[in-house]
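Engineer: Place chain E on chain C using the hints.
Here the protein sequences come in this chain order: C and E.
The numbering used here puts the first sequence at residues 1 to 178.
The numbering used here puts the second sequence at residues 1 to 754.
Derived from the structure by calculation, the hints contain no laboratory data.
Quantities reported herein were computed from a predicted structural model and do not represent experimental measurements.
Treat the hints with caution; some may be incorrect.
[Said to hold, decoys possible] Computed cross-link-like contacts, DSS-like style, restricted to lysine-lysine with a CA-CA straight-line distance of at most 25 Å:
{"id": "1", "chain 1": "E", "residue 1": "K692", "chain 2": "C", "residue 2": "K178"}
{"id": "2", "chain 1": "E", "residue 1": "K7", "chain 2": "C", "residue 2": "K153"}
{"id": "3", "chain 1": "C", "residue 1": "K89", "chain 2": "E", "residue 2": "K692"}
{"id": "4", "chain 1": "E", "residue 1": "K558", "chain 2": "E", "residue 2": "K537"}
{"id": "5", "chain 1": "E", "residue 1": "K188", "chain 2": "C", "residue 2": "K89"}
{"id": "6", "chain 1": "C", "residue 1": "K85", "chain 2": "E", "residue 2": "K454"}
{"id": "7", "chain 1": "E", "residue 1": "K193", "chain 2": "E", "residue 2": "K57"}
{"id": "8", "chain 1": "C", "residue 1": "K85", "chain 2": "E", "residue 2": "K188"}
{"id": "9", "chain 1": "E", "residue 1": "K692", "chain 2": "C", "residue 2": "K147"}
{"id": "10", "chain 1": "C", "residue 1": "K16", "chain 2": "E", "residue 2": "K7"}
{"id": "11", "chain 1": "C", "residue 1": "K89", "chain 2": "E", "residue 2": "K144"}
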Amino acid sequence: MIEKKYNRKNPSKKRKILVLLRIALITAGVIYLLIFLNGLFTEKEVEIYFSTADAMYLQAEKRELTGEDIYREIAAELSRGPDNKSLRKTIPQEVELIDYQIKDGLLILNYNRALVENHWGGSTGERLTVYSIVNSYTSLENIDQVKILIEGKEIETLAGHMDLTSSFVFNDSLVLQK
Amino acid sequence: MINLENKVFNIYIYIFIFIIVLILNQSAVAQNRIFFNGRDITEEIETLERKGELLIKARDLEEMLDAELKWQSAIKTLEMKSDGVKIKLMADSPYIQIGNKALKTKAGLVLMDGSAFVPLARSIEAFGFLLEFQRGKEELYIFKPETTIDNVCWSEDGNQLKIEMDEITPYRVLKGENEKEIIVEIDKAEIAKGFTDNISNDNFYLKIDNVPDNALLRLTVKSKYPIPFQLDGGVHEEEEGLVLSFLPQIKTISWSDKDMLMVEANGEIFKPDIMYLEEPRRMVIDIPNLMLGDYKLNLPENEWVKDVRVSQFKYDPVTLRIVLELKGEKILQPLSREKEDLLVFKPTVQTEINNLVYSGRKIKFNSTSSLVPDMFLLSEPPRLVINLFNAERGENISDSVEIENDSLIEKIRTARFDQQTVRFVADLKELTGYSWEEEKTNDGYSYTVSFKNKFSSISSKEVDGFQYININLTGNAEYEVKKFNYPHRLVVDIKNAVDNLEDIELPEYGSMIRDIRTSRFDKDGKEVIRLVFELNKYYNHEITKTEQGRRINIALAKDQSFVNPTRKDRIVVDAGHGGFDPGAIGKSGLEEKEVNLAIALHLAQMLRDSGQDVILTRDGDEFISLKQRVSKANKSGAALFVSIHANSFNDPQSSGTETYYSRAKSEKSRKLAEYLQQELETGMDLLGRGVKEENLYVIKYTQMPAVLVETAFLSNPHEESLLSEDMFRKKAARAIYRGIIKYMNTISKGGDNL
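The shape of chain C in the complex, shown without the other chains:
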């Protein structure tokens, strides 16, 4: 409404500038949309591993990701948890992936302290957390090994059982064989 009034009062140069501005804005919007759509076309399918309800195995769920930052997206999907009701989440509350590095197939994941502090413990609990992360990332073609750091530092253990000074490879024996 305001703009209509404005238009009526100033039918001259200013209107032309405004029109140009609008064209610029719309163009920007269209370009943004094109990039977004492009992103949709390059989206990637990944396997995210969750625990079975009895805490015996890991099972993968397929997820479509935008591929914009696939490492952060996998972390987010792990935190979001499974869609399948017979699966369970393996990542504690408030866990965030601070940053990550890739060196010759080794992915170094740097998590915040919540991964240690909010963890429910148990060898089983710890093992499922570690390997749901490791198996999800090592399902990517370019990742062979995963090492987990907490706030930039190597830790002895996550919950008192596993040796986190080592890096991990895909664990096949934990994956539910159908």
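Structural biologist: Coordinates of chain E only, in the frame set by chain C:
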């Protein structure tokens, strides 16, 4: 043209703004999450909060439940029908009418922006749904019950209480306010429509509560008497549901025609503890694991027992106390057992002890009838205690026998320990081994206690690069091991021992030993027995001893590479977590570090009692890093490493017991894990999750065969309550203990090609 363009652009702009507003709006709605049958429906429904109560838009509820909704605007009344249930709410009234009952809510029916909102919890519960809040009140779960309780009844013999249900959902059995009450909580359960109470009778009363906001059903069983239920091992899962097993109860106490007292129960009676007390003169019989119930007492007039009283003396551990009030100086003695559910006592007479003398390092005394003396050594000050039951001191036994100029004994004190027990205490100059003998004489029995060690066994075995020699004595020994050359021989000098080597079997010589012989000589006025092992060759040896010197172990190296022999009998027991690291924490707050330590201490005791040498990585509540645990184990040269933990996961239903080994280690670790897991599964009555392979820190870096045991799940409420019980902890320790012993026996036999 410009005008037309303008209009088109304006429309673009409005759509743009509209989308932005929409996006902003969506991100703003993110408070309480509501889950319906496991699905997050927060975005699909409209809710609001009034007077602390959560309300849902009636139309959304209608859709959720596929219900029928009727709004009568004239009387401002809302009706909703689903699955045969009808609820009714009126504006400005806090009541919700369900069928023909009215329930008060806080907010009642709220009308806003032309929509009706109804209290979510009360309405949906009326339609048979269960509600559970989690994470404080942040998340609300609404679901249909997962199981129905059809029946609760007694088994035929009355020793079991059965809860029949469609499916077993998570449950916990809890102690009630007192021993006359037990509580069973069953998650996501509802009571069947045709449910009838088959439990309540003269002695029992069943109460069923729906616990609001927690989606669980609470069954409370109350009794006139303490309920003979033991949390540990008292509950089993069967196909039809849960079965609570009760401890045996006392059934009858009767005085038979043959003048015997019979105590009968509806199950096994364990070995009782017996003592005599005075004023009034009475015999106290404490029976473990037996409960009080409705029992019959049949006590006709007799010469021995005046009265009988029975009480539940203790609950942890469960102990039943029977007190017999005796007539005059009468006494009873237990007969040897023939049936496991029956205890029999027979009148007896006291035996008289006479002629207590000490000479030639021997204590001698006579008794009018046969005895089984109960003897044990105590240190600080060193002394030997001899208890003689159903006995009294004869006239020639004084309170104290002084012994002068003896290298062994200072004096012997005698006393009446209780009404029926005579106690001798020999004050020793140092702890010394002993043995005793009984001899029948013309007028009774003669007993001799000798203060001398005897050899009870000498054995030898060759394992890896060593030949081990184990010398076992009947008592603590003062000894020395020396090595002599030309020819190579090892000499063991034992003071104060008897040369009974002719009576025992000598071991095979093996590759290292050529001959074994003994000799005797005096040194500093003390007799010394010398045991000589003549050797074929010699490289090095190490001496280890356990059990305060009752056992002498010598490891002889078979080749030059010998440095530090593994202690075959040394076991590291590692209690997981500790100090600021509590480990897993159960729902009711039980911390893993406490459970682990308790089990580890029980295990250590059991191993030590059987002659093993145990090293604990921690024996208190302190933090030790995984690296420190490994380094302590590796320095000890122990033969085995067992780490004790309790498990946890992000789901309260996960349960069971499992054992880990590391593939980085020898096959022995896997074998050890298998033995332990087998014993845990049979001994603890929990789901067996099997043996698992994982490079866990402590089992990967320790140099000896190592396993990590996850006894049970602290995150499972039922297993948490088990882990809080000392009986269960002991049971877990015993299972681990049995596994270790079985493994060691296999290894020492060289079995399984390990």
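Engineer: Determine for every hint whether it applies to the structure shown.
Structural biologist: Checked hints:
1. K692(E) <-> K178(C): 19 Å, holds
2. K7(E) <-> K153(C): The hint is violated at about 59 Å.
3. K89(C) <-> K692(E): 21 Å, holds
4. K558(E) <-> K537(E): 8 Å, holds
5. K188(E) <-> K89(C): Between K188(E) and K89(C) the Cα gap is close to 21 Å, so the pair holds against 25 Å.
6. K85(C) <-> K454(E): With a Cα-Cα distance of about 69 Å, the restraint between K85(C) and K454(E) is violated, given a limit of 25 Å.
7. K193(E) <-> K57(E): 30 Å, violated
8. K85(C) <-> K188(E): Within the cut-off at roughly 16 Å; holds.
9. K692(E) <-> K147(C): 22 Å, holds
10. K16(C) <-> K7(E): 14 Å, holds
11. K89(C) <-> K144(E): 22 Å, holds
This entry does not satisfy hints 2, 6 and 7, going by the numbered hints stated previously.
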